[in-house]
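Q: For reference, the chains in residue letters:
Number of protein chains: 2
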Amino acid sequence: MRVNADQRRSGCPISCSLDLLGDKWSLLIVRDMVFGRKRYFKEFLASPEGIATNILTDRLKRLEDCGIISKLLDPENKRQIVYTLTEKGIALIPVLVELLCWGATYDSASNFDLDKVRQIQQDTRSRQRFLRELEKRCTSPS
Amino acid sequence: MRVNADQRRSGCPISCSLDLLGDKWSLLIVRDMVFGRKRYFKEFLASPEGIATNILTDRLKRLEDCGIISKLLDPENKRQIVYTLTEKGIALIPVLVELLCWGATYDSASNFDLDKVRQIQQDTRSRQRFLRELEKRCTSPS
Numbered sequence: 001m002r003v004n005a006d007q008r009r010s011g012c013p014i015s016c017s018l019d020l021l022g023d024k025w026s027l028l029i030v031r032d033m034v035f036g037r038k039r040y041f042k043e044f045l046a047s048p049e050g051i052a053t054n055i056l057t058d059r060l061k062r063l064e065d066c067g068i069i070s071k072l073l074d075p076e077n078k079r080q081i082v083y084t085l086t087e088k089g090i091a092l093i094p095v096l097v098e099l100l101c102w103g104a105t106y107d108s109a110s111n112f113d114l115d116k117v118r119q120i121q122q123d124t125r126s127r128q129r130f131l132r133e134l135e136k137r138c139t140s141p142s
Numbered sequence: 001m002r003v004n005a006d007q008r009r010s011g012c013p014i015s016c017s018l019d020l021l022g023d024k025w026s027l028l029i030v031r032d033m034v035f036g037r038k039r040y041f042k043e044f045l046a047s048p049e050g051i052a053t054n055i056l057t058d059r060l061k062r063l064e065d066c067g068i069i070s071k072l073l074d075p076e077n078k079r080q081i082v083y084t085l086t087e088k089g090i091a092l093i094p095v096l097v098e099l100l101c102w103g104a105t106y107d108s109a110s111n112f113d114l115d116k117v118r119q120i121q122q123d124t125r126s127r128q129r130f131l132r133e134l135e136k137r138c139t140s141p142s
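Protein chains in written order, with my numbering: chain A, 1 to 142; chain B, 1 to 142.
In isolation and in its complexed conformation, chain A is listed as follows (with noise of 0.2 Å):
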């Protein structure tokens, strides 16, 4: 999905932003690899939400195509592909975050810590101290 500027449905940014993410699966393994370090494709297959095979080999494959994502043949292991985050997967870290706060905060089925949304919605430093965490936990050796 390399999507050129004439096959955006127009110029406007949140919808540039949709063309490439508006899917119910491309955030979920920015997400795995943000919050959970995933960095295998047996990691992201085993995520609760089970994603199907073809599905996430497409998914990764965009991700890949878009620049959010890099592949790289496991340095440990020259036969496994290991995907780490881009500067512009890391740059998604505030959209996961103010998805994470909406639904922990409308969603009765979302198991996240209200209080810590509390926090993080109502103290700038405590959201900013949080996004912080969470860029570091991307570019720091696992």
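Just so you know, the hints here were simulated from the structure itself, not pulled from any lab data. Some clues are possibly wrong.
Pairs count within a copy or across copies, as identical chains cannot be separated in the list.
Stated by the list, open to error - Taking lysine-lysine pairs in the DSSO-like style, the calculated list, with each CA pair at most 30 Å apart, reads:
1. LYS88 to LYS71
2. LYS78 to LYS38
3. LYS38 to LYS24
4. LYS116 to LYS78
5. LYS116 to LYS61
6. LYS116 to LYS71
7. LYS136 to LYS78
8. LYS136 to LYS116
9. LYS116 to LYS88
All figures in this text were calculated on a predicted structure; none of them were measured in a lab.
Once you have looked at the hints, place chain B on chain A.
A: Frame of chain A; chain B shown alone:
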């Protein structure tokens, strides 16, 4: 799309949010209501992304079913339906703003002012002011 707890893919709040909003159109309708102050079916249909009538009908129904928008008869023209954001819908503004910042930063097709984006991202007061202005748009009479 009244998604019950047992229809959620998992208890992860990000996944719960995407269960409702993970598609290419739902958040664009919310965008139209927030940024464009749109309230009528015909207005959504006229947006530059060119949503099809049947998709718009479906998404409005879903957004209403999950409590993000309300539908009522226009007090000024009883034959017309007017859509407004609920509190749950207005609470999506931070999600939209982060998608806006990300798209504006990383998509060359985006037409949004990058200086404004930098300001929102780097200065928490600017961000808060921007969020408040958008909220006010949704709660004050047009």
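Q: All hints, please: hold or fail.
A: Evaluated hints:
1. LYS88 to LYS71: So LYS88 and LYS71 pass the 30 Å test inside one copy only (14 Å; across, 38 Å).
2. LYS78 to LYS38: within (18 Å within a copy, 54 Å between copies)
3. LYS38 to LYS24: both (18 Å within a copy, 26 Å between copies)
4. LYS116 to LYS78: For LYS116 and LYS78, the Cα distance exceeds 30 Å both inside one copy (40 Å) and across copies (44 Å).
5. LYS116 to LYS61: Neither: 34 Å inside a copy, 32 Å across copies.
6. LYS116 to LYS71: neither (33 Å within a copy, 33 Å between copies)
7. LYS136 to LYS78: within (26 Å within a copy, 55 Å between copies)
8. LYS136 to LYS116: Close inside one copy (19 Å) and across copies (26 Å); limit 30 Å.
9. LYS116 to LYS88: For LYS116 and LYS88, the Cα distance is within 30 Å both inside one copy (26 Å) and across copies (19 Å).
Hints 4, 5 and 6 from the earlier list are contradicted by this structure; the remaining hints agree with it.
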